[in-house]
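Use the sequences and the hints to build the structure in full.
Quick note, the sequences are listed as chains X and S, same order.
Heads up: the first sequence begins at 1 in the working numbering, then just goes up one per residue.
Heads up: the second sequence begins at 1 in the working numbering, then just goes up one per residue.
Among the hints, a few may not be true.
Claimed, not checked - Computed spacing ranges between beta-carbons, pair by pair:
no.	chain 1	residue 1	chain 2	residue 2	range
1	S	ARG64	X	GLY61	41 to 49 Å
2	X	GLY96	S	PRO70	21 to 29 Å
3	S	ARG64	X	ASP55	40 to 48 Å
4	X	GLY9	S	LYS14	27 to 35 Å
5	X	SER83	S	GLN80	38 to 46 Å
Don't read these hints as lab results, they were simulated from the structure.
No residue lacks a Cβ here, since even glycine has one placed at the ideal position from N, Cα and C.
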Amino acid sequence: GNSVTQMEGPVTLSEEAFLTINCTYTATGYPSLFWYVQYPGEGLQLLLKATKADDKGSNKGFEATYRKETTSFHLEKGSVQVSDSAVYFCALPGYGGYNKLIFGAGTRLAVHP
Amino acid sequence: GAGVSQSPRYKVAKRGQDVALRCDPISGHVSLFWYQQALGQGPEFLTYFQNEAQLDKSGLPSDRFFAERPEGSVSTLKIQRTQQEDSAVYLCASSYNEGPKFFGPGTRLTVL
Chain X
1 GNSVTQMEGP VTLSEEAFLT INCTYTATGY PSLFWYVQYP GEGLQLLLKA
51 TKADDKGSNK GFEATYRKET TSFHLEKGSV QVSDSAVYFC ALPGYGGYNK
101 LIFGAGTRLA VHP
Chain S
1 GAGVSQSPRY KVAKRGQDVA LRCDPISGHV SLFWYQQALG QGPEFLTYFQ
51 NEAQLDKSGL PSDRFFAERP EGSVSTLKIQ RTQQEDSAVY LCASSYNEGP
101 KFFGPGTRLT VL
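Shown next as structure tokens:
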């Protein structure tokens, strides 16, 4: 079945540093891919998505490109801020589609001033 | 309220007790989802409603788990005869008519 693997955290960066959080997937076909973010004390929320190969999802300065050659969907941001400190989850649909997402274990990002 | 709300936020139960966890979705959202998140893991799908209809309950781990949404709005996840392995954060999510877009803060269940 479909699965997703993301890099372990925590990731600790200084403000304005470049961020990459790796995510690779195993899937039948070419499903949509998602990044969710969970800020401290809040629920998960959809950050961005890409629905087909070579698509780039973007939101709040974050980007991720759907790369079928490497089965990857790495999350990047050029200049992180303290307010980006959160847990980031990569996800893809399981059997049953978008209603039944499979999440990675999450990567905690801590940004220091 | 602006977002998905869940209550209680924390619940401690003795092994064998029944618990009920409540989810108030965003007003007007048709789709409602329950996920279970173990410590240090990503959320895992439990069940999904569209309005009052439970369309998929394949993720419920045993027949001790039961979810309902009788009027197509508020949902309750009930766990009977709780076991220690039920300890987790239970997340509710809602959306207008797509996958889980907005999650609540979760209910942290601890079974002693």
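Do the hints match the structure? See the list:
{"no.": "1", "hint": "ARG64(S) x GLY61(X): 41 to 49 Å", "verdict": "holds, 44 Å"}
{"no.": "2", "hint": "GLY96(X) x PRO70(S): 21 to 29 Å", "verdict": "holds, 23 Å"}
{"no.": "3", "hint": "ARG64(S) x ASP55(X): 40 to 48 Å", "verdict": "holds, 41 Å"}
{"no.": "4", "hint": "GLY9(X) x LYS14(S): 27 to 35 Å", "verdict": "holds, 34 Å"}
{"no.": "5", "hint": "SER83(X) x GLN80(S): 38 to 46 Å", "verdict": "holds, 42 Å"}
Against the hints set out earlier in the document, no violation occurs for any number.
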